[in-house]
Amino acid sequence: MGNRVVITGYGIISSIGINAAEVLQSLTEGISGIGGITRFKTIHKGKLPLAEVKKSDEELLELFGLTGKKKNYTRTSLLGIAAASQAVLMAGIKPGQKHRTGFISANTVGGMDRTEDFYPLFLENPSKGKLSGVINHDCGDSTDKIAGFLEIDDFITTISTACSSSANAIMLGAEMIKAGMLDRVVAGGTDAVTRFTLNGFNTLMILDKEGCRPFDENRAGLTIGEGSAFLVLEAEETALKEGKTIAGLLSGYGNANDAYHQTASSPDGIGAGLAMAKAIEMSGVVPGNISYINAHGTGTQNNDLSEGIAIQRLFGDNVPPFSSTKPYTGHTLGAAAAIEAVISLLSISHNCIFPNLRWITPMKELFIRPVACLQRDAGVEHVLSNSFGFGGNNSSLLFSKYKPL
Amino acid sequence: MAYINGIGIISPQNTLPGSGFLVTPVEHKGEFLKCIEPVYKSYIDPIASRRMSRLIKMGISAAKICLLDAGLEMPDAIITGTGLGSVEDTEKILGELTREERFLNPTPFIQSTYNTISSQIAINLRCHQYNSTYVHRCFSLESCLTDALLQIADCTAGNVLTGGIDEMTLNHLTIIRRLGLWKPGPIRNLDLWTSGMPGALAGEGAAYFIISSERTLKTYAQLTAVETLYKPGSTSDAAAAAAHFLSGNGLSPGDVDLVLMGNDGLAEHDMVCNEIIAAAFPQASRLLYKHLCGEYHTVSGFAMFLAANIIQKQQIPHALIPLSEPPGKLDHILIHNHFRNTDHSFILISR
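Chains as they are written, first to last, in our numbering: chain A, 1 to 405; chain B, 1001 to 1351.
Among the hints, a few may not be true.
Listed below are the simulated SDA-like cross-link pairs for lysine to any residue, each with C-alpha atoms no more than 20 angstroms apart in a straight line [as the list claims (entries may be wrong)]:
#1 B:K1041 - B:G1018
#2 A:K209 - B:G1018
#3 A:K178 - B:E1091
#4 B:K1092 - A:L121
#5 A:K98 - B:G1248
#6 B:K1329 - B:T1224
#7 A:K98 - B:M1001
#8 A:K130 - B:E1091
If you want the ones that stay clear, here's a sample from chain B, every Cβ over 12 angstroms from chain A, calculated [claimed, not checked]:
#9 V1026
#10 A1077
#11 G1095
#12 T1113
#13 Q1151
#14 E1214
#15 A1243
#16 A1267
#17 N1274
#18 A1279
#19 P1322
Source of the hints: derived by calculation from the structure; they are not laboratory data. No residue lacks a Cβ here, since even glycine has one placed at the ideal position from N, Cα and C.
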């Protein structure tokens, strides 16, 4: 493979901040974004926590000069515009430049935030319910809206592989750059919290009423969050030629399937292990040199055990420091891998390892323990970021500190 | 560039194994073109299949038919394209949400997740390899093909199982009909081009393919290239991009013998499709096919099934409607498709 793929920009919006600086501040100060439900009506209000982005749709519209166009933008699109516009600004991407630029997004429920408001009216009377509430239902809609806002049109697509969706978007972007099909790609994901998702996970009885506690013996499930993040991936050569600041190197990635059960991870974490091993192999990094693992760590009984076992098997006696940052951001589903990619890049650029908040009691099945306190001057060179989804869709991304060849 | 070495298709036509190649077109008179489904127990364990919704069963079966057709047990990657995933499961949940969120059964939620089909195929085959799902309107299947071709080009995979799948439901049809783009009531599908009723005819289908790096005795045709064109500025921009797509693959527009047209019965769409193809490929023979399968996000899967078989058999079924003189040879077939005329895609299938 010829070209290395570097990151020249990133953007993020989540429950712990509406840009990278705010997110970094929350991460270093140990401030969680998990709280009560404020944004929509649900019978779960006051009972289940969420990690909501603390901006209404109207505030987001105003932020981007889109007021008056509310009908056209779902919350999924607005969160995506917030994150992707930061990323392209940082990378100096503007419309009309000669490069072939792609936009690859990911989400799990598209414009469901609107559809679920439309549907009760429609069920009462099939001619009722405003069509503007349902025409943005499909997963491609937000991708189309964000690309339109950024004026990117050389390539566009959308991926949905549950909780690993945006890792696969980043992987496709890198593959297309390496193959010379595109010069640069804005890749990531976006998802808004919906009653659909909240109730769906609730039927599976995997929502922790106390807020998620990944890798804790007493963990009782995940906490749903919302947000978006995008990276600007570029061929190293292009970025260097233009004298861009390089935030990191995407040194490896791997996608594997657990092929065990639609919602449960295998007891031995076979898919998780394969995804991590593929990413590490591609990078050529010695496993012992990995500085930090940003784990998938949802806080469910099943995921954390399976992921922990896979990490122990893969790294043996040399398990790198690891933590789940979902106690900060909640599980942002289709956006999670991209959000954690940005957190991994922040870890590299600020040389610190973020703690696994809310962790108290070690899991009795594992000999490894997550990082419990912020580690500064941690010598962070290589960060492995895991994203594992329903359907056994497991992907791992490996980011490295940029060093010219 | 790669080879199409296996096909598994469930469609509103007789396309199940052993049916021959569209010998007699199947007539439909319902609200939409519904798939002729296989006996599922031939492909899925009946105990497992009892809880599966229709789309999941169609997806797994089409994938299994495809693997059997190719004589392949284990693919190196599984990639599915779907515009809407399981509409039936999504509607079940939306219905339960209206009843004060009294939502107790997790199965529809699990199955409504867009990646369920690719995952279920992996679980069924115990396939731990690359697995992904594309969900971008009329680019859903095309993105799968782009991904498959990338993996074959860099030798990550030798055999990719990939396909497109979408279903239609009466509720969903009621909603989209209000957009004014679809036929307001039932018509006989074989009268699509002459009925005079405005709007596209809704359909559904599942089509999987084995895309391989090597030619085998099973090879139908060559998958030469695929291109997606996002919001071209004008019809002439789209035509120029189509011509450029050919030259990018070492061919000229004159090399295209046959175009499988994106026309779906909506006059505004059909006019643009005709204009683009007439401008880019004036010498090519043009065929209509969507009266056989209807319109849906991954309809180009049905067209790929047609193109691969036409190339292999060197014969065009009578069920297809010609818009021009028949082609002199059948070396290169172009599939044109679009999403509401704003996004366009091209797939080139060759001998």
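Now for the hints, and whether the structure bears them out:
no.	hint	verdict
1	B:K1041 - B:G1018	holds, 17 angstroms
2	A:K209 - B:G1018	violated, 55 angstroms
3	A:K178 - B:E1091	violated, 40 angstroms
4	B:K1092 - A:L121	holds, 15 angstroms
5	A:K98 - B:G1248	holds, 18 angstroms
6	B:K1329 - B:T1224	holds, 17 angstroms
7	A:K98 - B:M1001	violated, 27 angstroms
8	A:K130 - B:E1091	holds, 17 angstroms
9	V1026	holds, 28 angstroms
10	A1077	violated, 9 angstroms
11	G1095	violated, 7 angstroms
12	T1113	violated, 5 angstroms
13	Q1151	violated, 8 angstroms
14	E1214	holds, 20 angstroms
15	A1243	holds, 17 angstroms
16	A1267	holds, 21 angstroms
17	N1274	holds, 24 angstroms
18	A1279	holds, 21 angstroms
19	P1322	holds, 33 angstroms
The structure fails hints 2, 3, 7, 10, 11, 12, 13 (numbered hints given earlier, in ascending order).
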